[in-house]
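Enquirer: Listed below are the residues making up each chain.
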Amino acid sequence: EDQVTQSPEALRLQEGESSSLNCSYTVSGLRGLFWYRQDPGKGPEFLFTLYSAGEEKEKERLKATLTKKESFLHITAPKPEDSATYLCAVPNDYKLSFGAGTTVTVRA
Amino acid sequence: KAGVTQTPRYLIKTRGQQVTLSCSPISGHRSVSWYQQTPGQGLQFLFEYFSETQRNKGNFPGRFSGRQFSNSRSEMNVSTLELGDSALYLCASSWGNNEQFFGPGTRLTVL
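In order, the protein sequences belong to chains R and P.
Here the numbering used here is used: the first residue of the first sequence is 31, the next is one more, and so on.
Here the numbering used here is used: the first residue of the second sequence is 6, the next is one more, and so on.
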């Protein structure tokens with residue numbers, strides 16, 4: 031069965047303090063890895079899709095990278111508005127298997 | 006382009022009742038998936054429909070059911086509600102087998 035593990039569970043950053051979130055996965059035949067951002071009480075917002083090892087995607091202060099066993103979401107010079115829970119997921123059999131998420135809090 | 010819409014946004018029910026939640030996908034999307042999100046279990050897959058056919062079902066009891074209509078709109082139903090069914094129910098749509106785009110969710114509270 032697919033397994034997706036995210037670390038750390040929570041991350042508290044000072045504004046401008048860059049950091050990385052980890053998503054490790056165990057899946058037979060990776061068909062993509064997705065990153066989402068979720069604000070409290072709202073649905074997840076799609077951020078990136080990565081399909082192959084070595085691939086990188088960027089959006090504003092976020093950059094996602096993929097290796098054969100894990101993905102990283104780098105947050106560069108974060109701002110308070112980057113505070114959210116970041117989820118990664120892998121698809122298989124028409125469903126997404128999600129990690130538990132990393133809750134990022136950025137203090138001004 | 007309008008996003009995924011879900012109605013109602015909030016529901017309060019009592020144990021033993023049943024509930025129906027509705028989801029309208031992004032125009033052109035033919036796949037609709039449902040997920041349950043709770044603080045303890047995270048996001049758990051319920052079922053997925055494509056062109057009115059259920060292609061996969063998660064590990065939930067038979068009290069949870071769904072369907073999809075010819076216009077791709079979907080409904081899910083939970084019968085004989087239990088306290089543990091309190092959760093955020095999320096609907097997501099996609100073209101068929103790739104990125105899924107989520108709606109705002111329906112917050113169900115069972116008293």
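Do not rely on the hints blindly, as some may be mistaken.
Not the full set, but computed from the structure, chain R residues with beta-carbon under 8 Å of chain P [claimed, not checked]: (1) L43; (2) P74; (3) E100; (4) F102; (5) P110; (6) Y124; (7) R137.
Derived coverage of chain P by chain R (criterion: at least 3 residues anywhere in the stretch with Cβ under 8 Å from a Cβ of chain R; other residues may be distant) [said to hold, decoys possible]: (8) 44 to 50; (9) 55 to 64.
These are computed hints drawn from the structure, not numbers from a lab.
Backbone N, C-alpha and C fix where the C-beta goes; we use that ideal spot for every residue, glycine too.
Enquirer: Any of the earlier hints contradicted here, and which numbers?
Expert: Structure breaks hints 1, 3, 4, 5, 7.
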